[in-house]
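> Fit chains B and C to the supplied structure of chain A, relying on the hints for placement.
Residue numbers (the working numbering), protein chains in the order written: chain A, 1 to 326; chain B, 1 to 528; chain C, 1 to 75.
Treat the hints with care, since some could be wrong.
With a straight-line Cα cutoff of 25 Å, these simulated SDA-like cross-link-like pairs (lysine to any residue) come out [to be verified]:
(1) A:Lys4 with B:Ile494
(2) B:Lys516 with B:Phe528
(3) A:Lys15 with B:Ile494
(4) B:Lys207 with B:Ala15
(5) A:Lys146 with B:Ile505
(6) A:Lys5 with B:Phe205
(7) A:Lys110 with A:Ile269
(8) B:Lys309 with C:Lys6
(9) A:Lys15 with B:Leu504
Listed next, the stretches of chain B that the computed footprint assigns to chain A, with coverage defined by at least 3 CB atoms under 8 Å from CB atoms of chain A [claimed, not checked]:
(10) 5-16
(11) 495-508
Calculated from the structure, these hints are not laboratory results.
Each residue gets a CB set at the ideal place from its N, CA and C atoms; glycine is no exception.
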Amino acid sequence: MRNKKETEKREFLIKGLLFLVGMLVCLEFLSLLTYPKDNTKKSGAYNYQAKGIYSEEKKSVDVIAIGASNFWCGYIPMQIWKNEGYTSYNCGTLMQHIWYTYYFLQKIYKTQQPKVVLIDADVFFIEDSTTLQNVNDMIRNTLYWKLPVVEYHDRWKSLSRHDFSGKVHYTFDNEMKGFYYVNYKQPYILKNYMHQRLNNQEVTVLDRIFMSKIIKLCKSHGTKIVLVEAPTESSWNYIRHNAIAAYAKEKKMDFIDANYQNIGIDWNIDSRDGGYHLNYSGAQKFTTFVEDYLKKNTKLTDHRLDSNYSNWNTDLAKFQNEVNPK
Amino acid sequence: MAFNSYVYVLFLIAAVIIYYCLPKKIRWIELLCVNIIYYLISGLQYSLFFVFSIVTVYIAGRFITLQDQKFDMITQNLTREEQKEKKKAFAKYKKRIVVLTILLNLGILIFRKYFLFVLFNINRVFALLHISIQIPQISFALPLGISFYTLQAVGYLIDVGRGQYKAEKNFAKFVLFMTFFPHIIEGPICRYSQTASSLAEGHEFSKENFLFGIQRIGWGLFKKIVIADRLDILVNHIYANYKEYSGTLIIVVAVAYTTQLYAEFSGCMDIVIGSAQLFGITLPENFEHPFASKSIQEYWRRWHITLGKWFKDYVFYPVSLSAFSKKIARKLKSRYNNYLVKLTSTFIALFVVWTLTGMWHGGSFRYLLYGWYYFFIIAAGLVIEPFVIQIREHFHIQEHSIIYVCFQRSRTFILIVIGLMIFRATTVTQFVNMFSSIFNGLTISVFFDGTMLKLGLDKMDFYLLFASVFLMIAVGTLQTRGIKIRQFVANQAIYIRWPIYYALIMSIIVFGAYGKGYTPVAFIYANF
Amino acid sequence: MEELLKILNEIKPGVDFLNETDLIENRILDSIEIMELAEEIMDVFEIDLTPMDIVPENFKSAETIYQMIERLREE
Numbered sequence: 001m002r003n004k005k006e007t008e009k010r011e012f013l014i015k016g017l018l019f020l021v022g023m024l025v026c027l028e029f030l031s032l033l034t035y036p037k038d039n040t041k042k043s044g045a046y047n048y049q050a051k052g053i054y055s056e057e058k059k060s061v062d063v064i065a066i067g068a069s070n071f072w073c074g075y076i077p078m079q080i081w082k083n084e085g086y087t088s089y090n091c092g093t094l095m096q097h098i099w100y101t102y103y104f105l106q107k108i109y110k111t112q113q114p115k116v117v118l119i120d121a122d123v124f125f126i127e128d129s130t131t132l133q134n135v136n137d138m139i140r141n142t143l144y145w146k147l148p149v150v151e152y153h154d155r156w157k158s159l160s161r162h163d164f165s166g167k168v169h170y171t172f173d174n175e176m177k178g179f180y181y182v183n184y185k186q187p188y189i190l191k192n193y194m195h196q197r198l199n200n201q202e203v204t205v206l207d208r209i210f211m212s213k214i215i216k217l218c219k220s221h222g223t224k225i226v227l228v229e230a231p232t233e234s235s236w237n238y239i240r241h242n243a244i245a246a247y248a249k250e251k252k253m254d255f256i257d258a259n260y261q262n263i264g265i266d267w268n269i270d271s272r273d274g275g276y277h278l279n280y281s282g283a284q285k286f287t288t289f290v291e292d293y294l295k296k297n298t299k300l301t302d303h304r305l306d307s308n309y310s311n312w313n314t315d316l317a318k319f320q321n322e323v324n325p326k
Numbered sequence: 001m002a003f004n005s006y007v008y009v010l011f012l013i014a015a016v017i018i019y020y021c022l023p024k025k026i027r028w029i030e031l032l033c034v035n036i037i038y039y040l041i042s043g044l045q046y047s048l049f050f051v052f053s054i055v056t057v058y059i060a061g062r063f064i065t066l067q068d069q070k071f072d073m074i075t076q077n078l079t080r081e082e083q084k085e086k087k088k089a090f091a092k093y094k095k096r097i098v099v100l101t102i103l104l105n106l107g108i109l110i111f112r113k114y115f116l117f118v119l120f121n122i123n124r125v126f127a128l129l130h131i132s133i134q135i136p137q138i139s140f141a142l143p144l145g146i147s148f149y150t151l152q153a154v155g156y157l158i159d160v161g162r163g164q165y166k167a168e169k170n171f172a173k174f175v176l177f178m179t180f181f182p183h184i185i186e187g188p189i190c191r192y193s194q195t196a197s198s199l200a201e202g203h204e205f206s207k208e209n210f211l212f213g214i215q216r217i218g219w220g221l222f223k224k225i226v227i228a229d230r231l232d233i234l235v236n237h238i239y240a241n242y243k244e245y246s247g248t249l250i251i252v253v254a255v256a257y258t259t260q261l262y263a264e265f266s267g268c269m270d271i272v273i274g275s276a277q278l279f280g281i282t283l284p285e286n287f288e289h290p291f292a293s294k295s296i297q298e299y300w301r302r303w304h305i306t307l308g309k310w311f312k313d314y315v316f317y318p319v320s321l322s323a324f325s326k327k328i329a330r331k332l333k334s335r336y337n338n339y340l341v342k343l344t345s346t347f348i349a350l351f352v353v354w355t356l357t358g359m360w361h362g363g364s365f366r367y368l369l370y371g372w373y374y375f376f377i378i379a380a381g382l383v384i385e386p387f388v389i390q391i392r393e394h395f396h397i398q399e400h401s402i403i404y405v406c407f408q409r410s411r412t413f414i415l416i417v418i419g420l421m422i423f424r425a426t427t428v429t430q431f432v433n434m435f436s437s438i439f440n441g442l443t444i445s446v447f448f449d450g451t452m453l454k455l456g457l458d459k460m461d462f463y464l465l466f467a468s469v470f471l472m473i474a475v476g477t478l479q480t481r482g483i484k485i486r487q488f489v490a491n492q493a494i495y496i497r498w499p500i501y502y503a504l505i506m507s508i509i510v511f512g513a514y515g516k517g518y519t520p521v522a523f524i525y526a527n528f
Numbered sequence: 001m002e003e004l005l006k007i008l009n010e011i012k013p014g015v016d017f018l019n020e021t022d023l024i025e026n027r028i029l030d031s032i033e034i035m036e037l038a039e040e041i042m043d044v045f046e047i048d049l050t051p052m053d054i055v056p057e058n059f060k061s062a063e064t065i066y067q068m069i070e071r072l073r074e075e
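Extracted from the complex, chain A is given alone in its bound form (with noise of 0.2 Å):
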């Protein structure tokens, strides 16, 4: 009798399992099936701009800025590379939360083996949201990146045939680099800037469990890890300083704070918002700040004769036509 309770429990076991297995197969495909195959706007793919880096020449990226909207707006890779000869790229996303720039880095590194990563230390806090459903929102971000018909299954009213042979071909190419240019402006008027009151304040269990494997995934790399801030009024005062400046002695790494020191901010033409993000004028000053750091406390080589990287250059051209129309 107890054997046969046994075995009939095994195969319900065993039967689930398999169940599980060919849910996970089934997903797989779906995955294929629908994940955009370029990673172009037209092609359906999401925050396209950043993924630019995946259509970069192979091992060509030395330092890779990644981060949410403020690294987006803040951070020029051609300013870096018409003073220093430094690949860069910018790989800033709206409101990017640390386990994606995890899943990013994951993916940057199949391609790139970039020297170093500068992390946006808005990714380990999100505004206005609880423990519940920043869990929820990691384990959405999860399924995205490692089932990505959770992220794209729109796209079963676009499917075309190119869906279906399933090779990915990336050809986004921009002289921007991921950056997101605007030469507009909105003042802000200094109010309670790096006093403001904020909510979610501290390192928690989570940020610390995937920067924890950010930094596992870059030193398996060799690639330095480098924590900034770019200067905005909305997200950041000194609360969360301390917190990312505590965090980064912890574990040994360098922590930049565009906002604690002055670059020479002018809240009045830098920002297009009123504080919240740079525009062109901001981002200059910032990548400056970037750039002497750069200098200061890295050993990146100057590119900038290497015909390998002659593509860099005819980008730069395209980049200055853009920025400086004459």
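What follows is chains B and C alone, placed relative to chain A:
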């Protein structure tokens, strides 16, 4: 923790696994802990109110049972007459305790829910009378599930007061009954006699409960994520810009909202009942093919069933049989001897029930109108019933003939759709405007001239909607014919049933109206 | 008993109340009809009904209703 969130899935899996890994005797304790954890994660902020309700009702219940026991002891050796006297005294005393505790608990519910409504209207009256005082508006956030758990607690106390069963002695088991996590936020409203013992006993793992529970959850998720959330786009679009739409499109949005609400609420119930089934616990059904109803009375026995039952047992019958109604009925009967007068108590009770049912949904005039709308229909139905029978007999229409049944179902459906227009509108004025605009531009051309594609949904969305709603209706129809779908599929060979299960799961993931480009849709009834 | 049957037939004509044993389960009487029945019973048999009496056990069939009436008459 919303039922359609990733965290809930993980939470449920963990809770179920741990439940069956523990020895049978302490499984109910695990369930109790799971309930508490769920409530604290989801609604920590105002949980003190919940604790207050649980504690007061528990104490009041124990007190009443103690009184009953005292009564039995004292009256053992008394005569019939003396027993009757004592009984009256005890009954009065018990009633006071019950009423006091109920008032305390209902008071919290009423205060938090309707304070703003009352304030707002007082201010309005002041404005009308040109009094320049304006009381500042303070609104209170509602403790999670308060409208549901308060009714459940009050029902329990009334049952104990009536002597239907003894109060729960074990405080932990009482908390378990009150806080069972699947039904805390949106019902079904359970009776102590229905679920308490099942919750307290540890259940043996049953393959059928486990598998059927999961399938039911899957079906509920499908209805909510694929159908309801997709319809929400269209419904929101039209309601947000309602002044730009009229005629046929209003009918479209009304039917769409009816479908959305049904898919969402019944889908939520599927998730709730399926989740409970995983633990071997059966919760009462809240929906039973409501659109097959032939009358509005029948509709309310098939839609949000436990709410209707609650009002029937704890409001309708008590009010009909109350001294007040009897008095009024007697007065009228002595003057007129009319078929209608015989229904006096019923009408009074119906009015109270529908006023309260309307208000239960929220503090605003449109919910009041919603309740009175149904009161009017049911009351009118009772009044004209003899005439309807006469007309039917005159034209020799058989009550069960297909044509007549179709007529009844169509008429009921139209009434339901109109009722839900009141429900969905933001104000009574908006409803009146939208309803009257139906008669302004009733054309079929909107279906062919591309208007339908400008409401937030594209062609593929519509194809999907038709297919999935058709599926929902088909499943419902099969069930009315007595076919148990889960059993039917389970009886098929593995190479038929596994593809069906995979199809359901993959449909939710691929066709769901979630993620990038979609606004998350909160569960509608979670706000009550 | 005949009185009871007369009342039942007035409220819901065409039902065989002598043989029906599941008036509530089979939805033969709905809550409003039960109230009408209760009113008539209270009138005709001069007893007092409370909500505690309106339970399926009492109203299952004409037989059980009559038993309830007898019981309440004695009290």
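> Sort out whether A:Ile269 lies within 25 Å of A:Lys110, counting only the CA atoms.
violated, 39 Å
> Given the hint that B:Lys309 pairs with C:Lys6, test it: the Cα-Cα distance must not exceed 25 Å.
It is violated: about 29 Å lies between the C-alpha atoms, which goes past 25 Å.
> Hey, A:Lys15 versus B:Ile494, does the alpha-carbon distance stay inside 25 Å?
holds, 10 Å
> Within the assertion that chain A covers the region 5-16 of chain B, do at least three residues meet a Cβ-to-Cβ distance smaller than 8 Å?
Answer holds; 4 residues pass the 8 Å Cβ test.
> Would you say the region 495-508 of chain B counts as covered by chain A, given the rule of at least 3 residues with C-beta under 8 Å?
holds (count 5)
> Is it true that the CA of A:Lys4 sits at most 25 Å from the CA of B:Ile494?
holds, 21 Å
> Does A:Lys15 pair with B:Leu504 here, judged by a C-alpha cut-off of 25 Å?
holds, 18 Å
> Would the pair A:Lys146 and B:Ile505 pass a check requiring their Cα atoms to be no farther apart than 25 Å?
Holds, at roughly 18 Å.
> Holds or violated: B:Lys207 with B:Ala15, Cα cutoff 25 Å?
holds, 17 Å
> Regarding the pair A:Lys5 and B:Phe205, is the alpha-carbon distance no greater than 25 Å?
Within the cut-off at roughly 12 Å; holds.
> Next pair to validate is B:Lys516 with B:Phe528; report whether the Cα-Cα distance is within 25 Å.
Violated, because 28 Å separates the two Cα atoms, which is more than 25 Å.
In this structure, the earlier hints numbered 2, 7 and 8 are contradicted, and the remaining ones agree with it.
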